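Asker: What follows is each chain in one-letter form.
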Amino acid sequence: GAVVSQHPSRVICKSGTSVKIECRSLDFQATTMFWYRQFPKQSLMLMATSNEGSKATYEQGVEKDKFLINHASLTLSTLTVTSAHPEDSSFYICSASKGAENEQFFGPGTRLTVL
Amino acid sequence: GQSLEQPSEVTAVEGAIVQINCTYQTSGFYGLSWYQQHDGGAPTFLSYNALDGLEETGRFSSFLSRSDSYGYLLLQELQMKDSASYFCAVSGNTGKLIFGQGTTLQVKP
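Chains as they are written, first to last, in my numbering: chain A, 1 to 115; chain B, 116 to 224.
One chain only, chain B, in its complex shape (with noise of 0.2 angstroms):
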């Protein structure tokens, strides 16, 4: 089967670094995705590691190890607008995504 964790819950100030922790137990794993999400709205997408090592995408970046089936999300200049879910997701051959079930992150000024 699959199964991914990540904590359900981080709050952080205005201006901070959150990092959100994604683990994951896959068979056939092609790759990490991360996605936000705003309440009431669809899932956006952030990034996507297939190999080890870090992404950077402005003030997000995302980690992978595959060794470790290890991931994560790391939040940079935290803006009141990144309040919001944040889901890591598993990919492999059949091209389905499964999700993790969700950091909801609060930004506190």
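Just chain A, same shape as in the assembly (with noise of 0.2 angstroms):
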């Protein structure tokens, strides 16, 4: 199988707090790892790539400041929201994929609301 968990599932937050987020790889080695935001009735927008021990890719448009990115190991990525707002209230979801294959393994997301 192909199974991404993450962590937690859901976190209510105060302004200015920050978050972090997990995304981890339980049955393969996840040599890329990506991450997406998804506000409600809404597309899955890729907010930025992330290879085992080296820098996140980001796309254009997302802060690197604010969206803190770790790929430690291949099977771990964390996200960490830094000085939440409520406009970072979103649905937060990860993939990994395990490198020549195209597809990419969803975890359950996160769902992060910010006071």
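Among the hints, a few may not be true.
To be verified - Distance windows between CB atoms, simulated:
(1) A:98 <-> B:120: 24 to 34 angstroms
(2) B:154 <-> A:15: 38 to 48 angstroms
(3) A:15 <-> B:173: 38 to 48 angstroms
(4) A:115 <-> B:191: 39 to 49 angstroms
(5) B:159 <-> A:39: 14 to 24 angstroms
(6) A:39 <-> B:189: 27 to 37 angstroms
(7) B:191 <-> A:103: 19 to 29 angstroms
(8) B:159 <-> A:18: 23 to 33 angstroms
Claimed, not checked - Straight-line alpha carbon distances no greater than 30 angstroms define the calculated BS3-like cross-link-like pairs of lysine-lysine that follow:
(9) A:98 <-> A:20
(10) A:98 <-> A:64
(11) B:223 <-> A:41
(12) B:211 <-> A:20
(13) A:41 <-> B:211
(14) A:55 <-> A:20
(15) A:64 <-> A:20
(16) A:55 <-> A:98
(17) A:66 <-> A:14
(18) B:196 <-> A:41
(19) A:41 <-> A:14
(20) A:98 <-> B:211
(21) B:223 <-> B:196
(22) A:66 <-> A:98
(23) A:20 <-> A:41
(24) A:14 <-> A:64
(25) A:55 <-> B:196
(26) A:55 <-> A:14
(27) A:66 <-> A:20
(28) A:64 <-> B:211
(29) A:64 <-> A:41
(30) A:66 <-> B:211
(31) A:55 <-> A:66
(32) A:66 <-> A:41
Claimed, not checked - So the derived list for chain B, only partly shown, Cβ under 10 angstroms to chain A, looks like this:
(33) 148
(34) 163
(35) 173
(36) 200
(37) 217
No wet-lab data here; the hints were simulated from the structure. It should be emphasised that the depicted structure is a prediction, and the values quoted were computed from it without experimental measurement. Heads up, the beta-carbon is just placed ideally off N, CA and C, and yes, glycines get one too.
Please dock the two separately framed chains into a single complex, following the hints provided.
Answerer: Next comes the structure, spelled out in structure tokens:
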């Protein structure tokens, strides 16, 4: 199989605080992990591409200092939303790729609500 | 740049057949994928076409025409549980997936 987990599944935080979301590939090594954001009734927007041991590549318009991505191992990537504001409230989804194949395996998502 | 177009909404009745079209513009095209997403859930992979033609997986089939930059997802014998959003997505040599805006399918009894 190819299972990807995310933790937490749901988080509520106060404005100005930081939130860390973990993405793990449970039964395979992920050479690349991707982070997406999805607002209600909208599509998935790619935020960044993360490769193990190297800096993440951010999509245009995504603030790298606000959305910190760390990919410390082949099974774990983390996204930290720093100084969160209500407009950061969204559904954050990660996916992982085994490498040569084009299929991405998606985590269950993390719903972030910033009060 | 990259862009994809798909209908925003489709409605059909149980047992019917529905086709969701997707046209795309992209450079370095590798393939077209389809994902299903239920409300509150994450996307689940349905199919991937890299070559022209029809790929069949049970009740779902997906078609690609590279020369026309066009593909579709065909859902047969619709069931109520098929009510969901369906996204087409293009992939290129970077491994990134770029998603369309999604088609909301409503299946009625």
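Asker: For each hint, tell me whether it holds in the structure or not.
Answerer: Right, here's what the structure says about each hint:
no.	hint	result
1	A:98 <-> B:120: 24 to 34 angstroms	holds (30 angstroms)
2	B:154 <-> A:15: 38 to 48 angstroms	violated (27 angstroms)
3	A:15 <-> B:173: 38 to 48 angstroms	holds (46 angstroms)
4	A:115 <-> B:191: 39 to 49 angstroms	holds (45 angstroms)
5	B:159 <-> A:39: 14 to 24 angstroms	holds (20 angstroms)
6	A:39 <-> B:189: 27 to 37 angstroms	holds (29 angstroms)
7	B:191 <-> A:103: 19 to 29 angstroms	holds (23 angstroms)
8	B:159 <-> A:18: 23 to 33 angstroms	holds (30 angstroms)
9	A:98 <-> A:20	holds (24 angstroms)
10	A:98 <-> A:64	holds (24 angstroms)
11	B:223 <-> A:41	holds (20 angstroms)
12	B:211 <-> A:20	holds (23 angstroms)
13	A:41 <-> B:211	holds (22 angstroms)
14	A:55 <-> A:20	holds (17 angstroms)
15	A:64 <-> A:20	holds (14 angstroms)
16	A:55 <-> A:98	holds (18 angstroms)
17	A:66 <-> A:14	holds (16 angstroms)
18	B:196 <-> A:41	holds (19 angstroms)
19	A:41 <-> A:14	holds (24 angstroms)
20	A:98 <-> B:211	holds (13 angstroms)
21	B:223 <-> B:196	holds (10 angstroms)
22	A:66 <-> A:98	holds (27 angstroms)
23	A:20 <-> A:41	holds (24 angstroms)
24	A:14 <-> A:64	holds (21 angstroms)
25	A:55 <-> B:196	violated (41 angstroms)
26	A:55 <-> A:14	holds (28 angstroms)
27	A:66 <-> A:20	holds (12 angstroms)
28	A:64 <-> B:211	holds (18 angstroms)
29	A:64 <-> A:41	holds (25 angstroms)
30	A:66 <-> B:211	holds (21 angstroms)
31	A:55 <-> A:66	holds (15 angstroms)
32	A:66 <-> A:41	holds (24 angstroms)
33	148	holds (7 angstroms)
34	163	holds (6 angstroms)
35	173	violated (17 angstroms)
36	200	holds (9 angstroms)
37	217	holds (5 angstroms)
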